[in-house]
Amino acid sequence: MAIRNTAGSCPHVHKKIKAAFEAFDYQSNHTVDVRSIGTVVYSLGCFPSRPNLHDFVAEVGEDHTGYIHLDKFLPAMTKKPLMLFKVLDKEKKGYLESEELTKYLTQEGEPFSQGEMEEMLTALSDNDHIYYADYISQLIFDPDT
Amino acid sequence: MVSWDLIMGCGTSVATATQGKDEKTGRYDATTKTPSSALTIKAAVLIQRWFRRYMARLEMRRRYTWNIFQSIEYAGEQDQLQLSSFFSFMLNNVTHLNGNGPDLISKLMDSASDPWLENENCYNLVTVPETYTGPRLSFPLSVSDMNALLGAFKEQQTLHARYVLQLLHETRKLLKQMPNIIHLSTTYTKEITICGDLHGQLDDLLLIFYKNGLPSAETPYVFNGDFVDRGKNSVEVMVLLFAYLLLYPDYMHLNRGNHEDHLMNLRYGFTKEVMQKYKIHGCEILQLFQDVFSLLPIATIIDGKILIVHGGISDQTDLDFLSILERHKIKSALRFPQTTVEQLSIGQSSRQVKRIRSTDSSRPSSSRSHNIQRTPHQRERRCRPNRQDSSASTSSSSSSSSCSSISLCSLKTPPCFRPHPPHPSSPSGSVFQLPFLDSLSAPSPPQHEQEWKQIVDILWSDPKTLKGCCPNTFRGGGCYFGPDVTRRLLLQHGLQLLIRSHECKQEGYELCHSGQVITIFSASNYYEEGSNRGAYIKVGRELMPRFYQYQVSRSTRKLTLTQRVRAAEGSAFRALKEKLFTHRSELILGFQEYDHNNTGTILVSEWAQVLETGLRLDLPWRTLRPHLVRLASGGRVDYQSCFEDMEPGVPQVEVTPNLADALFRYRKDIEIIFSIIDKDQSGLISIEEFRHTWHLFSAHLGIKIDNRAIDDLARSIDFNKDGSIDFNEFLEAFRVVHKLDNKDQPVNRIIGKE
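Same order as they appear, the protein sequences are chains B and U. Once you know that position 41 of the first sequence is 41 in UniProt numbering, the rest is easy, because the numbers rise by one and skip nothing. Once you know that position 288 of the second sequence is 288 in UniProt numbering, the rest is easy, because the numbers rise by one and skip nothing.
These are calculated hints, taken from the structure and not from any lab test. Because the structure is a prediction, the values reported are computed rather than measured. For every residue, glycine included, the Cβ atom is placed at its ideal position computed from N, Cα and C. Among the hints, erroneous ones may be present.
Covered by chain B, according to a simulated footprint, are these stretches of chain U (three or more residues, beta-carbon under 8 angstroms) [as the list claims (entries may be wrong)]:
| # | region |
| --- | --- |
| 1 | 54 to 66 |
| 2 | 242 to 255 |
From chain B, some residues computed to sit far from chain U (all C-beta separations above 10 angstroms) [claimed, not checked]:
| # | residue |
| --- | --- |
| 3 | A19 |
| 4 | S28 |
| 5 | S36 |
| 6 | L74 |
| 7 | E91 |
| 8 | M120 |
| 9 | T122 |
| 10 | D128 |
Pair by pair, the computed Cβ-Cβ distance ranges are [to be verified]:
| # | chain 1 | residue 1 | chain 2 | residue 2 | range |
| --- | --- | --- | --- | --- | --- |
| 11 | U | T623 | B | A23 | 20 to 26 angstroms |
| 12 | B | P75 | U | S514 | 54 to 60 angstroms |
| 13 | U | E542 | B | Q114 | 27 to 33 angstroms |
| 14 | B | R50 | U | G634 | 26 to 32 angstroms |
| 15 | B | M83 | U | Q157 | 55 to 61 angstroms |
| 16 | U | M55 | B | Y26 | 34 to 40 angstroms |
| 17 | B | K103 | U | T465 | 39 to 45 angstroms |
| 18 | B | A23 | U | Q276 | 52 to 58 angstroms |
Sequences are here, hints too, so could you generate the full structure?
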């Protein structure tokens, strides 16, 4: 069940990311070699291109030790998806009206069919306000598996 | 800052992103839109992709949740067939079980012969106390009676036994006048509404009436069987349908389903429901229901073009024959025609009875020797009967293990009970093999057998996409019929369409065989809250079916799709884990065969293999694996971990491991047998009954249980030494318990528990 919190992610999403990270944390000190970080990211169901991944690593591994710390990786993986919805949430309300979201997703990008849009609204929300912070992580990481 | 979308793999496929801009620096070519709109598009694209992937995963989970529910449901049907064969065995081979056992079984299995019930006015002897606040009916029924019933049932009131008895009497009288196949015409009515399985779900029936209108000349209905079992309000559903039938015999039509069968009702809850609601007249009511069920018409045809039956057809379905047979003789499709059994068992039964009596406590070796033949492999084969083999089976010796594979209802009789050598020309070898699926293969089947087979196929069959017709191995009864079988039958009778029910569908209806077969199912949330919609069909003069879907919503808060899938998935896995647990010892043996070094781990493929053969549920075990068992290193699984979440109830008494296994596994069957023996539903049976039941049942199943262990057990659970046993309390100890019961989950209905 989605738990509404400001970090925009459920505890089990954290766990999932952490588990994937720790699988490559050979020294058990909450760090992963930058060369393995791609594997962690891929295993979580994200498929960046090589250059994009490189940029990501550059950002989260600023100290150039060759290792990335969980403290940086975790927030980067969990909080940043929010930015996307925030882009749509022009007034920074913290939620999107279903009309608003429908407008963006059926007119922009790779537009949703009407059926898909209805599915999304029923899948993600029980009223007209979509508190995207609640759903974004499960949308990406599928916390149930 | 790096945009998040880069890491998510969106990138270059977006038109605006290929136009040489650089979000990091915020510089954009003149050809691109404003920065914010480009970002908006990128955000939209990513959200769209995530959502599509998310939906695909969700759909996947929905799919396998469905498969779990369905396969467990059908496994239960196979168990019921097994049990029914046990009843036949008891009935035919044991004249009495310390007084009342088979007597009652025979009462349940055979036609109601209680003279009291034949008396037209018996219900008058039942008085309705003045304190009774429920609805009162006056016959012949009127619209105001119907309104009283509807109102009372909405308030969860129960109709008094007196009125139920009278209603059933009147219904029986009316049904006796009805032909096997009802012919309807759309000439006189605007449209006809067709509903599928209701399964005691009163809310669905009331919702249909609310949406579509109450039955009347303007709104005639056909209800296509399976009115009872599983749901909590089978009695109320039945009362409403029968009352409307009496009120409007021309506008209300009921087809028999495979659950309008007293043997099915024992397992799936209707018997229990009646006994709980009618403590005093329950038995009489049940017997009348049994009678009425056997009198229900078996098919309806609209305008000579649309055939409506509950299950389907087979390649031997003969509508002309079906229209002339005596349908009421088939009290239960699970019961091989009595006359045939008698015919077959002439000269055998008396001798066997003596043998059973003399051996049942003194020769435990008989069941042991039988047990050797029973391997998981054989069990599986037994459940996949093969029509071609059947003629061989009925005439060949029943002691051969291969012939038992073809007959689902073959009785597992210890070899020493079998007549030997079987006379080559006499059919005596089939005394213990009441063939369910393949009775017609005998050279010239007797009339009864043919009638029975015709009805079984109508009530139990499912369509399949492949051509041809073969036994329905998944359910264990009826046939799978292919598109060619449908086409041939429709063509032969000048029909256009076959409407059937019998299978739950996610959308409440489904078309197959190029639109020539429609499945209609009207019990929404059948497996679980949110699992499926219900639907009904309306056809008018143009004979174009239109579908209406609905879903009863029990909770006040609307669940999101994700939450619904998660809840359904949760209870599916609970049910599946229970199933695993009840087969624990057998599965562990299977696992250990691959675990040569005793590491407690085996390969995933081996694990899946063991489950496949051990449970015969036909499920995608590899896909389900993460939910069921923990991974160990090297692509292996820690096989003990698939029993981790479960634990047995705490037994009050010590039982041997073998006995415990049998108790867990056959708990439902044993409960059914005990409750049959327990005539007055007191929850108590005598020690002798307990012992005898066990001896027979274990011999029947071929499970290796030391008879002495049962005797000891029987003595030890008679706590107050009064010679009777509280079997409910006893069985409670052998219920599988979930260690971590998630409090967040809605109260889920789990398959097999009513």
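Each hint tested on the structure:
Only when three residues or more bring their CB closer than 8 angstroms to a CB of chain B does the claim for the region 54 to 66 of chain U stand; here the count is 5, and the claim holds. Counting residues of the region 242 to 255 of chain U whose C-beta lies closer than 8 angstroms to any C-beta of chain B gives 0; at least three are required, and the coverage claim is violated. Separation of A19 of chain B from chain U is adequate, the least Cβ-Cβ distance of about 12 angstroms exceeding the 10 angstroms criterion. With a cut of 10 angstroms on Cβ distances, S28 of chain B stays outside the contact zone with chain U, its closest approach being about 17 angstroms.
Chain U leaves S36 of chain B outside its interface by the beta-carbon criterion, the shortest separation being 15 angstroms against a cut-off of 10 angstroms. With a cut of 10 angstroms on Cβ distances, L74 of chain B stays outside the contact zone with chain U, its closest approach being about 14 angstroms. No Cβ of chain U comes within 10 angstroms of the Cβ of E91 of chain B; the nearest lies about 13 angstroms off, and the non-interface call holds. For M120 of chain B, the shortest C-beta to C-beta distance to chain U comes to about 5 angstroms, within the 10 angstroms cut-off, and the non-interface label is violated.
The Cβ of T122 of chain B does not lie farther than 10 angstroms from every Cβ of chain U; its closest approach is about 5 angstroms, which violates its non-interface assignment. Every Cβ of chain U is farther than 10 angstroms from the Cβ of D128 of chain B; the closest lies at roughly 13 angstroms, confirming the non-interface assignment. Take T623 of chain U and A23 of chain B: their Cβ atoms lie about 22 angstroms apart, and the range 20 to 26 angstroms holds. Between P75 of chain B and S514 of chain U the beta carbons are some 56 angstroms apart, a value that agrees with the proposed interval 54 to 60 angstroms.
The given range of 27 to 33 angstroms is respected by E542 of chain U and Q114 of chain B, whose C-beta atoms sit roughly 29 angstroms from each other. The hinted range of 26 to 32 angstroms is satisfied by R50 of chain B and G634 of chain U, whose Cβ atoms lie roughly 30 angstroms apart. Between M83 of chain B and Q157 of chain U the beta carbon distance is about 58 angstroms. The supplied range of 55 to 61 angstroms therefore holds. Between M55 of chain U and Y26 of chain B the beta carbons are some 37 angstroms apart, a value that agrees with the proposed interval 34 to 40 angstroms.
Checking the proposed 39 to 45 angstroms range against K103 of chain B and T465 of chain U shows it holds: the Cβ atoms sit about 42 angstroms from each other. Roughly 54 angstroms separates the CB atoms of A23 of chain B and Q276 of chain U, a value that falls within the hinted 52 to 58 angstroms.
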